[in-house]
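Construct all of the structure, not just a fragment, from the sequences and the given hints.
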Amino acid sequence: MVLAGCSGDPDANTNGEGKLEPAQIQKDAQKAAKAASAVRLAGTVVSKDGTYRLDMRLKASGGTGSVTTKGSTFRLLRVGDHLFLKADASWWKDKGGKGGTDTAAAKALGGKYVRVPKGDASYEQLSGFTDKDVLLDGVLTLHGSLGKGDHGETEGIRTIEIKGDDGAGGILDVSLEDTPVPIRLQRAGGAGTLTFTEWNKSFSLEEPAKGDMVDYGQQLPTS
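Note that our numbering gives residue 30 to position 27 of the sequence shown, counting from 1, and the numbers run on in steps of one.
Hints are supplied without guarantee of correctness; some may be wrong.
Listed next, the in silico BS3-like pairs over lysine-lysine satisfying Cα-Cα at most 25 Å (straight line) [to be verified]:
#1 151 <-> 34
#2 34 <-> 110
#3 73 <-> 96
#4 30 <-> 62
What follows is a list of derived Cβ distance ranges for each label pair [unchecked claim]:
#5 151 <-> 114: 19 to 29 Å
#6 93 <-> 170: 36 to 46 Å
#7 93 <-> 13: 46 to 56 Å
#8 114 <-> 192: 32 to 42 Å
#9 106 <-> 198: 17 to 27 Å
#10 82 <-> 49: 24 to 34 Å
#11 110 <-> 158: 39 to 49 Å
#12 214 <-> 38: 33 to 43 Å
#13 141 <-> 12: 30 to 40 Å
#14 54 <-> 170: 33 to 43 Å
#15 47 <-> 110: 42 to 52 Å
Treat the hints as calculated values from the structure; they're not laboratory data.
For glycine and all other residues, C-beta sits at the position ideal for the given N, C-alpha and C.
As structure tokens, this is what we get:
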């Protein structure tokens, strides 16, 4: 090991992923991500519906964090099947659906965690931001022919790149330290960049206190 390090071997003292074929590295990264107990995902996702800036902490039982889109930020919290949305009064008034929400209702909802009914049309879309497996499965994909890129350092961690179609199909930096978890993803077609940190780091996930929570009492606005 010492001799290898002295000779400049970029895979010396690593988990060995850098010596594998890119398809195997991708498979190992996806497996490690799925097996992890928790992760923090942050960055941007560009889709046909718009650009989203995410900062979410996720684990099997739920997730919590913020989503910013179209100049507005709201917080999401899911504990089991119970999903809550928190935004200020101006969001509810101006962004809360076609025509907005009336001023009195907006003031009542602003700054509170609002329960999203499971049967509501927005539940599936919003809960997807808090579902570790759904979110990771949706973003940890490279398109086209896979190739191997450079060894380097990402977020202070030694990594190996794998690329789809020489980068046009996305670039994924995979950890060469310990478990081969994903560290950064540059999505295909300039569709955003995401970083993955705090792997397996536990965090508290509890429903809001009664004083911080309200029940909207009807279908949420569909914006």
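We went through each hint and held it up to the structure:
Proposed proximity of residue 151 and residue 34 is supported: the alpha carbons are some 18 Å apart, at most 25 Å. Taking the CA atoms of residue 34 and residue 110, the gap is near 45 Å; set against the 25 Å cutoff, the hint is violated. Of the supplied pair hints, the one linking residue 73 and residue 96 holds, its CA atoms being roughly 15 Å apart against a limit of 25 Å. Between residue 30 and residue 62 the alpha-carbon distance is near 20 Å, which keeps this suggested pair within the 25 Å criterion.
The given range of 19 to 29 Å is broken by residue 151 and residue 114, whose C-beta atoms sit roughly 49 Å from each other. The given range of 36 to 46 Å is respected by residue 93 and residue 170, whose C-beta atoms sit roughly 40 Å from each other. Under the hint 46 to 56 Å, the C-beta atoms of residue 93 and residue 13, about 51 Å apart, fit the expected range. At about 37 Å, the CB distance of residue 114 to residue 192 agrees with the hint of 32 to 42 Å.
Range check, residue 106 to residue 198: about 39 Å between beta-carbon atoms, so the 17 to 27 Å window is missed. In this structure the hint that residue 82 and residue 49 lie 24 to 34 Å apart at CB holds, the actual value being about 29 Å. For the hinted restraint 39 to 49 Å between residue 110 and residue 158, the CB-CB distance of approximately 41 Å keeps it satisfied. The hint said 33 to 43 Å for the Cβ distance between residue 214 and residue 38, and at roughly 38 Å that hint holds.
As the Cβ distance of residue 141 to residue 12 is approximately 36 Å, the hint placing it in 30 to 40 Å holds. Checked against the given bound of 33 to 43 Å, the beta carbons of residue 54 and residue 170, roughly 21 Å apart, lie outside it. For residue 47 and residue 110, the Cβ-Cβ distance of about 31 Å falls outside the hinted range of 42 to 52 Å, so the restraint is violated.
Of the hints listed earlier, those the structure fails to meet are numbers 2, 5, 9, 14, 15, in rising order.
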